[in-house]
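**Student:** Single-letter residue listing:
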Amino acid sequence: MIETAEQEFLQLVNQNQGIIRKVCHLYGRNDADKDDLYQEIVIQLWKSFDSFRGEAKFSTWMYRIALNTAISNLRKQSRKVALSFPEFIPTEQADTDEEKLKEEKLKEMYAAISRLTEVEKAIVMLFLEDKSYDEMEEILGISSGTLRVKMNRIKEKLRTLTKAQAYGT
Amino acid sequence: MELDQLKEMWSDVGSKEQGPSADELQALLQKKSKSPIAKMKRNLLIELLLIVIIYVFTVTYYFLNYSGGMLSAAWMLMVIGVFYVFYYLRKRRLLNQMECVSCEIKSNLKMQLVTLEKYVRFYMISGTLLVPVVFVITGLIVLLYSPEAASVPAVKTTSFLLKSSAVLFVAAIVFTIPIYFANKWYVRKLYGQHIERLKKIVDEMNED
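Listed in order, the protein sequences are those of chains A and B. Anchor point for the first sequence: position 89 equals 89 in the working numbering, and the numbering is continuous, going up by one each time. Anchor point for the second sequence: position 179 equals 1179 in the working numbering, and the numbering is continuous, going up by one each time.
These are calculated hints, taken from the structure and not from any lab test. Treat each hint with caution, since some may be false.
[Unchecked claim] Straight line, CA to CA, 16 Å or less: simulated EDC-like cross-link-like pairs of lysine to aspartate or glutamate:
id, chain 1, residue 1, chain 2, residue 2
1, B, Lys1106, A, Asp134
2, B, Lys1034, A, Asp35
3, B, Lys1118, B, Glu1196
4, A, Lys102, B, Glu1002
Source: prediction; values computed, not measured.
Please model the complete structure; the sequences and the hints are all you need to start from.
**Tutor:** Structure below.
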């Protein structure tokens, strides 16, 4: 029985590994941090697996645990943090000027996201995951109306941050 | 670059990474959690073990080496030990209530903050109160039952005992004041930053 639960759990985690990786990319400050966070999220998921009764979607349940773990386990941020860009940003592979510019802009955007608060990062992640505001509310516990307002502010903040980065301020 | 443009590329994040194999994932399940609450639970268990070892050793020592009134010290330790069990259970219960990782993020963080503040208050009050209580009782035991004090006839007079109790009481209060501030500093050092951070996040989530 236990083995079956474990197998079922491992299978579900395997199918939804992308969620954990994305949370780690957003909240981990370096590779070691990301590995630690990955491990902690899997442990927390397993510890809570008994409480998963299928009332919510597995992915919703997983987002909650992954984000709760990432937000409440964060240690004090070191000032000297090397930003590691996720692998979807092509580094030094751009051939044309247009591609190089796009790569540069992507890096700027990612660097700007890394400067957001923990809550803002969670909202951005769910937005990037194409979640509806109702689903975001179910995960975060913030009303969809407030989330819309916050999302607009975040977009504005990211514009300011990317501009500031472009001008080196 | 706008956030909406990033959305198109977001689905690829992590897709090229080699994730852990089934065996590696299974091995992860056997590892200990490094979350702050898991660490607090482990520390509490270590504290319990240390207290049990120290108390058993000390109480046994008193029973083997003393008799008569001096055994009160051993009884006092046992009574404090019983209170410690309640203290341990209360802290353990608060730690168990502290997180619900599968709950909505806002409610989980709010609950974590409220329970952590309760935990810290309880830690502060019990840690500070223990000092004067033990100080006064130990003083009285020494005064009433130690062989050294028994050799002085004046010790057994009521007026001497009343004066001594008053001195002990005042000394206990004076002694407790720095302990209170030391406790406050220590608790702040242990949990202060985490509480501040949680408050900031909860406030941000409550903002409209």
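**Student:** Determine for every hint whether it applies to the structure shown.
**Tutor:** Structure-based check of each hint:
no., hint, in the structure
1, B:Lys1106 with A:Asp134, "15 Å, holds"
2, B:Lys1034 with A:Asp35, "12 Å, holds"
3, B:Lys1118 with B:Glu1196, "14 Å, holds"
4, A:Lys102 with B:Glu1002, "11 Å, holds"
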